[in-house]
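Participant: Protein chains in written order, with the working numbering: chain L, 20 to 244; chain E, 5 to 119.
Careful, some of the hints might be misleading.
Listed next, the in silico DMTMM-like pairs over lysine to aspartate or glutamate satisfying Cα-Cα at most 20 Å (straight line) [as the list claims (entries may be wrong)]:
{"#": "1", "chain 1": "E", "residue 1": "16", "chain 2": "L", "residue 2": "27"}
{"#": "2", "chain 1": "E", "residue 1": "113", "chain 2": "L", "residue 2": "35"}
{"#": "3", "chain 1": "L", "residue 1": "234", "chain 2": "L", "residue 2": "169"}
{"#": "4", "chain 1": "E", "residue 1": "113", "chain 2": "L", "residue 2": "34"}
{"#": "5", "chain 1": "E", "residue 1": "71", "chain 2": "L", "residue 2": "27"}
{"#": "6", "chain 1": "E", "residue 1": "66", "chain 2": "L", "residue 2": "21"}
{"#": "7", "chain 1": "L", "residue 1": "211", "chain 2": "L", "residue 2": "169"}
{"#": "8", "chain 1": "E", "residue 1": "118", "chain 2": "L", "residue 2": "27"}
{"#": "9", "chain 1": "L", "residue 1": "38", "chain 2": "E", "residue 2": "17"}
{"#": "10", "chain 1": "L", "residue 1": "29", "chain 2": "E", "residue 2": "39"}
{"#": "11", "chain 1": "E", "residue 1": "16", "chain 2": "L", "residue 2": "182"}
{"#": "12", "chain 1": "E", "residue 1": "16", "chain 2": "L", "residue 2": "37"}
{"#": "13", "chain 1": "E", "residue 1": "118", "chain 2": "L", "residue 2": "21"}
{"#": "14", "chain 1": "E", "residue 1": "28", "chain 2": "L", "residue 2": "21"}
{"#": "15", "chain 1": "E", "residue 1": "26", "chain 2": "L", "residue 2": "27"}
{"#": "16", "chain 1": "L", "residue 1": "38", "chain 2": "E", "residue 2": "24"}
{"#": "17", "chain 1": "E", "residue 1": "29", "chain 2": "L", "residue 2": "27"}
By construction, these hints were calculated from the structure, which means they are not laboratory data.
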Amino acid sequence: MDNLRIIEVKRSVFEENDKDAERLRKELKERGIFLLNLMSSPGSGKTTTLIKTINLLKDKLNIAVMEADIDSDTDAKKILEGTGVQTIQIHTGGMCHLDADMTRQGIRSLDLEKVDLVILENVGNLVCPAEFDTGASKNCMILSVPEGDDKPLKYPLMFSICDLVLINKTDVAPYFDFDFDKCEQYIKMRNKNAKILSICAKTGEGIDEFAMWLKEQVDIQKGGK
Amino acid sequence: MHELGVVFHCIKEINQIALENKVKKIASVTIELGEVSTVIPDLFEDCWNWAVKKEDILHNAKIVIEKIKAITHCEQCGENYDTVINGKTCPKCGSLNTYLLTGNEIIIKQIEVKE
Numbered sequence: 020m021d022n023l024r025i026i027e028v029k030r031s032v033f034e035e036n037d038k039d040a041e042r043l044r045k046e047l048k049e050r051g052i053f054l055l056n057l058m059s060s061p062g063s064g065k066t067t068t069l070i071k072t073i074n075l076l077k078d079k080l081n082i083a084v085m086e087a088d089i090d091s092d093t094d095a096k097k098i099l100e101g102t103g104v105q106t107i108q109i110h111t112g113g114m115c116h117l118d119a120d121m122t123r124q125g126i127r128s129l130d131l132e133k134v135d136l137v138i139l140e141n142v143g144n145l146v147c148p149a150e151f152d153t154g155a156s157k158n159c160m161i162l163s164v165p166e167g168d169d170k171p172l173k174y175p176l177m178f179s180i181c182d183l184v185l186i187n188k189t190d191v192a193p194y195f196d197f198d199f200d201k202c203e204q205y206i207k208m209r210n211k212n213a214k215i216l217s218i219c220a221k222t223g224e225g226i227d228e229f230a231m232w233l234k235e236q237v238d239i240q241k242g243g244k
Numbered sequence: 005m006h007e008l009g010v011v012f013h014c015i016k017e018i019n020q021i022a023l024e025n026k027v028k029k030i031a032s033v034t035i036e037l038g039e040v041s042t043v044i045p046d047l048f049e050d051c052w053n054w055a056v057k058k059e060d061i062l063h064n065a066k067i068v069i070e071k072i073k074a075i076t077h078c079e080q081c082g083e084n085y086d087t088v089i090n091g092k093t094c095p096k097c098g099s100l101n102t103y104l105l106t107g108n109e110i111i112i113k114q115i116e117v118k119e
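Next comes chain E alone, as it looks inside the complex (with noise of 0.2 Å):
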């Protein structure tokens, strides 16, 4: 549910940018996701696929989907580690002044289309 609601975000954003460029379709859209964006990339692709079906410029259009690795920093000893494996807790000195990096974006990267 939660995915799909992310999905009718990125059609709505993606149609605007079709507009703005003229586009009359798109074959495919390439999204890169966090790996702690909380949108699940399998969950996502099922949400997408529905989704286009329905969808104009978008129709049918295929869904690439690339990760982006969840880094964390620890304030106090300057550490970038894992997130996915050591969630809030530096693994180098087991402090919990730590900050994310990178990890929970949703961004649409680029789209692929067909003139």
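Just chain L, with the same shape it has in the complex (with noise of 0.2 Å):
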């Protein structure tokens, strides 16, 4: 007969990914490259988002995108051809998310040589990427007007980790009822310290004030701060 011991561990599912997380956080301090993690569900407009603003920035900027979805390579062609920068897929394996780990092997994988700013697109999700630290500088998510103001209400944890909310589609806001002000209290109510910019990735609406919030980013990440 075996015998049975006990191992006493008392340890957090998602300690291992922190520390992971926080060690990628630092290196790319070190190397003054800007990670932003971008966010949202499935279809809010983050590959159109980025492709606006990636065009604005790119004649100051070198910048690198790793997109990330469970299958396919839509999104890293998209990028590629309307911006002609850096571009890699990650594929996830089934995965609803990125967690440090699989971050910290697509970033090794893309050539930082004078990258400024590497954009990670998440997975379209508003559960699980919020969960896992991938090691991002900061988070960001996009909120699209038709999916409605009560999404900070709905998906706290998300509203909560992120540093900048994008609220995208202004353009059709007459045609829902989408209410800002009441969206912009439920962000604060998750999150006090959340930026909210208002965009149109379509009409370009917003997009400058995005582009500008990441070249602070980026500045301050290279200010040694």
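Given two chains presented individually in distinct reference frames, assemble the corresponding complex, making use of the accompanying hints.
Facilitator: See below:
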């Protein structure tokens, strides 16, 4: 008969990932590379927003993009065709999010020589990506008008971890009951420090502000503070 | 799908603990799940049972899930209340100025080792 012994562990499941993430964040800071983790639900306009923003910034900054999806390379192709910047596609193999280790592997496969800004387009999902720290310098999420102003109430964790919330597709606002003031109030309830910008990737409204924010973050990252 | 990702992280973490403690075979693992951790116990168990078939040290290890009650604290009146029933709104004073005290944990509590 085998003997049984109990080992007390009391360790959070996310502990190892959190350590990996901290390590990656530190490495990137030392190299002066800013990594943005961009999240949202599917169809909120992540890829279109990125193409518009990158085209505004690519003369000033050296940019690379990592596209994370469960399958396909449509987004990586779109980014490459739309902007010409260095792009890779990461497949999560059925997983609904990226973790710090997968992010590091993605970063390693990029040519980082001279790169200032890496943008990670996470898997379209408002639940899982919020739970796994990728090691990004900052988190950003896009909420599009058709999704509704109540999303900060329904997915509190996502809004509580984001430094910047972009409210996209403002051009269709007249057709939806989207209350911008209420939405802002709900976001601030979850995260007092979140910055909120209204944008429209299709018409280009607000994209310059988002680009400016990114440029500032890169400057801070390089500033050694 | 979400539960499977969490299970993979658990397995990675437990294999690491096994290595640190020179463990060869694990009989069972006890996990504490917060009521509002976004992990559904039944789905977690299904994913676990599927995933440990492919493992070595954890091969067919049993999973025991213990619930951690979700409690929210009201900053307005100081009340601690049941989150699952009342959500973000304090049942005593109606304030939305509240935060979660416990209930979002996913903790590996203990592992039972065969020797």
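Participant: Would you mind marking each hint as holding or not holding in the structure?
Facilitator: Hint-by-hint comparison with the structure:
no., hint, in the structure
1, 16/E / 27/L, "holds (17 Å)"
2, 113/E / 35/L, "holds (15 Å)"
3, 234/L / 169/L, "violated (30 Å)"
4, 113/E / 34/L, "holds (13 Å)"
5, 71/E / 27/L, "holds (17 Å)"
6, 66/E / 21/L, "holds (16 Å)"
7, 211/L / 169/L, "holds (17 Å)"
8, 118/E / 27/L, "holds (14 Å)"
9, 38/L / 17/E, "holds (12 Å)"
10, 29/L / 39/E, "holds (17 Å)"
11, 16/E / 182/L, "violated (29 Å)"
12, 16/E / 37/L, "holds (13 Å)"
13, 118/E / 21/L, "holds (6 Å)"
14, 28/E / 21/L, "holds (12 Å)"
15, 26/E / 27/L, "holds (14 Å)"
16, 38/L / 24/E, "holds (17 Å)"
17, 29/E / 27/L, "holds (16 Å)"
The structure shown violates the earlier hints numbered 3 and 11.
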